[in-house]
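Work out the full structure: start from the sequences and follow the hints.
Read off the chains here:
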Amino acid sequence: MSIAMIWDHLSLVLSALILAVAAGVPLGLLAYLCPKVGKALLWVVDLIQTIPALALLGVIMVATGPGSPTAMTGLALYSLLPIARNTSLGLSQVPGHLKEAAAGMGMSPAYRLFHVDVPLAAPMLVTGIRIAAVNAIGTAVFASFVGGGGLGGLFYTAIRQRNMEQILMGTLILMAMALVLDAGLGWVERRMSGNRRNKLPLPVKAAGGALLALASVALVASMLLPKYTEGQLTLYDGDYSEVKLMHAMAELLVEDKTDLEVVILDQMTQVNNHNELKGANPSCDLMFSYDGTVLTTFLGLDTKDIPEGESLYDFVNETVREREGLRLLGKVGLNNTYSIGVTQSVIDRYGVSKVSDLIPIAGELDFGAEHEFYTEEGSMKYQPFVDFYGLRFRSAKPVDVVLKYNAVESGAFDVMVVYATDGLNKRAGLTILEDDRGFFPEYYGAFLVREGLFADFYDAAPNLEQVLELLTGQVSSEDMVELTYAVDVDGRPVEEVASEFLRSKGLL
Amino acid sequence: MNELLLSILRATAVHTGYTLVCVTIGFVLGLLLGIGLSRLPALSRYLIPLLSILNTIPGIVFIGMLVILIGMTPATVITALSVYAMFPVLKNTVTGLNGVDGQYKEAARGCGMNHCQRLIQVELPLAMPTIIGGLRLSTVYTVSWAVLAAMIGQGGLGDFVYKGVSSNNNALILQGAIPAAVLALVLGGLVDALQKRVVPKGLRKGGAGK
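Chains as they are written, first to last, in my numbering: chain A, 1 to 508; chain B, 1001 to 1210.
Don't read these hints as lab results, they were simulated from the structure.
Please read these numbers as outputs of a predicted model, since none were measured by experiment.
A virtual CB, placed ideally from N, CA and C, is assigned to each residue, including glycine.
Not one of these hints is a red herring.
Where chain A lies over chain B, by a calculated footprint (3+ residues, C-beta under 8 Å):
1) 1066-1076
2) 1092-1099
3) 1134-1143
4) 1151-1158
As a list, the in silico SDA-like pairs of lysine to any residue whose alpha-carbon atoms are at most 20 Å apart:
5) A/LYS99 - B/TYR1104
6) B/LYS1196 - A/SER92
7) A/LYS36 - B/VAL1191
8) A/LYS36 - B/LEU1194
9) A/LYS36 - B/ASP1192
10) A/LYS354 - A/GLU364
11) A/LYS36 - B/LYS1196
12) A/LYS331 - A/LEU299
Here are a few chain A residues that face chain B, going by a calculated C-beta distance under 10 Å:
13) PRO52
14) MET124
15) ASN135
16) PHE145
17) ALA396
18) LYS397
Below is the structure:
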């Protein structure tokens, strides 16, 4: 955790709040001034609030580009509701007799609005902003799905690693942020409400206001600036250790063996990263993925779409080139397929070693997997799996991929779908059962690159392709288990583990 | 198709259940705490920010920690969402009660009302629109937060959303998002209806106080 990450998080929250106030207060005013239109508008704001964050971010990313613009826009949309609602509510509660008195004194409606109504509604209005602020600080962790930075990635990693110290530290920082913001807004509230006399002379107030406005605009603008990556090989960080490690290896090798500069931007999920890599305006150059993932998740195909006699890898490579102008480099060796892990107590009680050993005892076991495993399309899924083996588990529950090791360690499951190369299997005491009837297809890891990549960088690094292919066949599944264990369980830095591995292979 | 509809209805029912239970718990807690804190301005200056920071704990962290303490049960979801739902009510209750004009409190005292009577018969009715405003925020928020239940396999509309997001399937996301939006509109509309009823007669447009 660094000061830069904290500042990242804070600037994300602040810029989103500025946008939300800039949009929400006028919306609230409008709702108060013309209730018919306003009511409809406030319903729309309600609707925005209920859109699931991940879906909303995905849509925004198409419009505004990845990274902080998306995260800021999404967070601003989620902050709109309390601000707009409380503004209109506060205004509508200004006592009628005061409005009449103001009218009686000859105030014009506009003058009355800003000199009577708004000051009286100020406490409600600022309460709305305060509610938005504390929620935004927590919600901003979602920025790490779309490369928006902040403290989100740190939390997801810490939860996976069960790094209590890190979680506690992160939470305390968020809380401190909330306290500071809340105190600041409280100060604004006291200034705005007419209860005490404003002692500052007008020029000072005007200058202060102008300065604040300028700073706000500057902050929002700074979030919209694209990160400068021209002439640099650009990657997004992965959202779990294996991808982080492979991206770090690519960075180390390319920077060691070419003159190219490599930049790894904030982390993103595989799905979002792929969306940024394909298309006419890619914002990155390559990513580490798996032939099975490309086939099912990215291309929406299934193993039965592969023509007889062709390997999954070859088929995927051909199809992704035709459809998306991407291609896979050589397999690095590891096969991160789905595996079936069982807890130590199952081993102790039943002594199982293969998946088919579970058939007679499945009725006594609880099964868990991430949500993706329960979807209906494709054959590498729960229902086809249990049908294939004839397994009838006592229960089967989905759990968030970040929380699944917490769940199995708390005793929620006896059998869980895991990835073969995950170092956490060892920590959780899970034994991988042999897929003895061969249900799960391979998920060979490889770099997915833009087809034009090597031509684009030919002047700076004519040997780029050869350098990246150095990793081909070098990282076996067993290697990766050890590497992710070093990162996720021993808590060692990704770069250090990656560079140590490359040295041990004589690549660096 | 029928099966799909059935599964959507079932998930919507679970989602509604979580929302109602958590909003109710959050409302009662927020209201009571809010009343208490509005009586103790010295304490509330420090306690409200402290309570508010509970809402800054990201959902995944809060639920992740509770899973270790309580386990993968509905109780985990209800605990987290109730705590989240409490804050907007608490905040608006304090703002509303503090905003009651001094002249009404004095008038009530002048009429010989004791502390309790003043609170129940004068201050709370006058603050009620603001308090219900907080309830409305909580309700819409909780509909959207209840998606988190699916994170630990406790059902609800989040199930579709999580499955859809992880497999890049927009139809699945919409299966969860549209019913959630409808639910928010319906529950929001119910609170709006409540809002109209709790405004004291004298404050209603065209009422006696005008």
